[in-house]
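Protein sequence lines, in the order shown, are assigned to chains A and B.
For what it's worth, the working numbering labels the leading residue of the first sequence as 1, then goes sequentially.
For what it's worth, the working numbering labels the leading residue of the second sequence as 1, then goes sequentially.
Simulated from the structure, these hints should not be mistaken for laboratory data.
In silico DSSO-like pairs for lysine-lysine, Cα to Cα no more than 30 Å straight-line:
no., chain 1, residue 1, chain 2, residue 2
1, A, K345, B, K200
2, A, K422, A, K330
3, B, K137, A, K345
4, A, K225, A, K493
5, A, K345, A, K422
6, A, K422, A, K322
7, A, K330, B, K200
8, A, K345, A, K330
9, A, K345, B, K226
10, A, K392, A, K255
11, A, K54, A, K345
12, A, K438, A, K225
13, A, K422, A, K255
14, B, K104, B, K256
15, A, K330, B, K226
16, A, K493, A, K230
17, A, K493, A, K256
18, A, K377, B, K226
19, A, K377, A, K422
20, A, K256, A, K438
21, A, K330, A, K377
22, B, K137, A, K330
23, A, K256, A, K422
24, A, K322, A, K268
25, A, K493, A, K438
26, B, K200, A, K377
27, A, K345, A, K377
28, A, K392, A, K345
29, A, K322, B, K226
30, A, K255, A, K345
31, A, K392, B, K200
32, A, K392, A, K438
33, B, K226, A, K422
Since the structure is predicted, the reported quantities are computational estimates derived from the model, not experimental observations.
As a plain string of letters, each chain reads:
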Amino acid sequence: MTVASEVRPLLQMRGITKRYPGVTALDNVDFEVMPGEVHALVGENGAGKSTLMKILAGADVKDSGRILIGGEEVHITTPQEAMRLGISIIYQEFNLVPYMNAAENIFLGREPMSKVPGIVDFRRMYAEAERVISELGVRLDVRVPVNQLSVAQQQMVEIAKATSRSARIIAMDEPSATLTEHELENLFSLIRRLRADGVSIIYISHRLDEIFRIADRVTVLRDGKLIATKPVSETSREEIIRMMVGRELKDTIPKKEVAHGDVVLEVKGLNRSGVIHDISFAVRRGEILGIAGLVGAGRTEVARAIFGADPIDSGEILLEGKPVTIRSPKDAIRLGIGLMTEDRKALGLILGMAVRENVTLANLDPLSRLGFVSRRKEQEVTNRFVEDLMIKTPSIEQAVQNLSGGTQQKVVLAKWLFTQSKILIFDEPTRGIDVGAKTEIYQLMNRLAEQGVGIIMISSELPEILGMSDRILVMHDGRIVGELSREEATQEKIMFLATGGK
Amino acid sequence: MNRRVSHFGSRLAYSYGIYLFLLLLCAFFELETGTFLTAQNLLNVLRQTSVNTILGVGMTLVIITAGIDLSVGAILALSAVLSTAVIMKGFPPPFPFPSDVAMKPAWPLRTSIPFAVFVAALTGAVCGIHNAIPIVKLRVPPFIATLAMFSLARGFAYIYVGGGQVGNLPEEFTAAVGEGPLMPVVAISCVVVAHIILTKTRFGRAVYAVGGNEQAARLSGIDVGKVKFWVYVICGTLAGIAGLLLAGRIGAGDPKSGMTYELNAIAAVVLGGTSLMGGVGSVVGTLLGAIVIGCLEAGLSLMGVQWFVQMVVKGYVILLAVIVDQMKKRSSF
Chain A
1 MTVASEVRPL LQMRGITKRY PGVTALDNVD FEVMPGEVHA LVGENGAGKS
51 TLMKILAGAD VKDSGRILIG GEEVHITTPQ EAMRLGISII YQEFNLVPYM
101 NAAENIFLGR EPMSKVPGIV DFRRMYAEAE RVISELGVRL DVRVPVNQLS
151 VAQQQMVEIA KATSRSARII AMDEPSATLT EHELENLFSL IRRLRADGVS
201 IIYISHRLDE IFRIADRVTV LRDGKLIATK PVSETSREEI IRMMVGRELK
251 DTIPKKEVAH GDVVLEVKGL NRSGVIHDIS FAVRRGEILG IAGLVGAGRT
301 EVARAIFGAD PIDSGEILLE GKPVTIRSPK DAIRLGIGLM TEDRKALGLI
351 LGMAVRENVT LANLDPLSRL GFVSRRKEQE VTNRFVEDLM IKTPSIEQAV
401 QNLSGGTQQK VVLAKWLFTQ SKILIFDEPT RGIDVGAKTE IYQLMNRLAE
451 QGVGIIMISS ELPEILGMSD RILVMHDGRI VGELSREEAT QEKIMFLATG
501 GK
Chain B
1 MNRRVSHFGS RLAYSYGIYL FLLLLCAFFE LETGTFLTAQ NLLNVLRQTS
51 VNTILGVGMT LVIITAGIDL SVGAILALSA VLSTAVIMKG FPPPFPFPSD
101 VAMKPAWPLR TSIPFAVFVA ALTGAVCGIH NAIPIVKLRV PPFIATLAMF
151 SLARGFAYIY VGGGQVGNLP EEFTAAVGEG PLMPVVAISC VVVAHIILTK
201 TRFGRAVYAV GGNEQAARLS GIDVGKVKFW VYVICGTLAG IAGLLLAGRI
251 GAGDPKSGMT YELNAIAAVV LGGTSLMGGV GSVVGTLLGA IVIGCLEAGL
301 SLMGVQWFVQ MVVKGYVILL AVIVDQMKKR SSF
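One chain only, chain A, in its complex shape (with noise of 0.2 Å):
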């Protein structure tokens, strides 16, 4: 389709401002879709992307700018006002009550009534919501509860439940995470369908093969800026991903050779059924291995694997050489592997507990005698950490939940230093902190290193990545689909991999 230049854009997000505590989510963005368009938004993870949604959706509050739908400015503040306004927003995950059918999830909230007060007019109901799943050019029941319905046939309902009320604009957060490519074609189809209906979509992907089958024009975010608006004709892929990731390199990041030993951790075909599948890779002592990709690549769930926190098909752990069985986190710590779980707060600290509790926690043996706890020995323990690692707590008795990111990270990384692990993994060891406390972590990953520890480290950040690590393996769809060594990667060829490139 081509945009002519008298039809006047249905939806302008103008200078769209949005801070969070230390850090410019969205730095004052142009964005706009025109009438029956399908439109792109594409960026690395952290470039605003779902920013921007949420405050389209009403999900959240932008700090400045403005929105104007059909041409007048409009004021979006709860995600109600949003609908109100046409616009729907289809998340990844999506937005049904999982035990009640697909007319009852259409029309939630909007029943049509009988003439009783209160009492639901079922037979208009399934008859709306019949009438509403066919104009899609959909076949399924809408009287089969959706939690028994496919995935891809969920989604569908979503889409009814957007066009249903009458939604001008839809956006679509990464729609084909979770779909075979028939179920693809079928959801282009409907999308062309609702094209020609003169609705809106913004497709969010990572996939950008995708982007060139379906979209008409596509956005590039930035580190929360906009970097460019293209019709997809005019672009190419390699130039989609040069503006994704453009940014230089910096001096921040302290890497130091250290001559590497004998391996220490080895995978053979780790699998687990529709999560990641022939998982293959040897760590050596003293070697930082870097994994890139993509949020929902599996890198999290290889790393959970390992570490006996998800249960495996089949696949082979080798520590030293010897294979091991690993069963849950307590065998993995017992024989010398730490994780440091990407969400502290959900998973890495006990927040209501003392520094002192969480920094022993996973190792409790060498402080205990007969199952009690000596506390001299611990606060030995954590002082020695505090000040080795410049935690910044009032006290070592201080509960986690009131120190700032940085320092909560902190306080983990001792919980796995003082297990003494000889394989570290590090889910994204720097989000959501500091720079300071950044390059603590990075030389805390280097002092490791010369000690022989073998460090995985996953990271979404691609500088991290590239500056940390002495080798690469880029997943995507829960497979490594590449390696690269420090000498020969580039932020391009790791996202060139990581977007599912071949």
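Use these hints to put chain B onto chain A, whose structure you have.
Below, chain B without anything else, positioned relative to chain A:
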């Protein structure tokens, strides 16, 4: 504010409100009746509080792991009939329990009492294991698993005595339990031991960790299933022991005993500042909570307030105490 009640200073500060409330309560009853603060009455209050304290200690452990145990009253009843059957008929007790009225103990009390204590504890432990297995292995919500035991244990108690009860308990037994300081001594011992376990041992640390953040605890190498298993077994065992004591105090092994005691125990735990969300709490708080409830009941009875009015007062006191506690926590953030 440090929400974990971990050392004595902060615990004092934390429980300050409930201490004050307890003092005011005692002062009020003393002014109203003139006989509340006598040694005899206070010992009596402590005796009446003991069963609730023992149940509350086990309940505290369970609730700190973010669980709940609705079956302690029923376990208490089952243990009461089985352990008193040992006192009357020796070990092992016959099944079903004979319903002859003029019964004499088969063994001298000195011989039968160790067996009775053993049976009481074992009954509770078995019920606790029965609670724990579905919770740990099949991920049945604790509310449901223990609700089933709430019905099961009492049902078995009735089956065992054929709808009757185990009566004619020897007087040396009922006097020893019902008149001396035995019950308060057992209750306080339970509090002390549980307090030491919670604050000084690895197991105690694990209990708080599981309730504070189960996922993080697991990823720190804690065997979450094992921790949960043991708190339900401990809770059941304590309910079993409470069953024998209560039987001694009321003079019979009665399958009807201990009705709604699980709710009193939960009330004591909550009054003591333990969070139903898990991760926070102390057994010393629970002891105080149990004493507050005991004083309230005893004082109101002494004043001649009817029991149904007492229920209303108790209901509002619990509600108010928890609201005040919530406000305290909110204002400190």
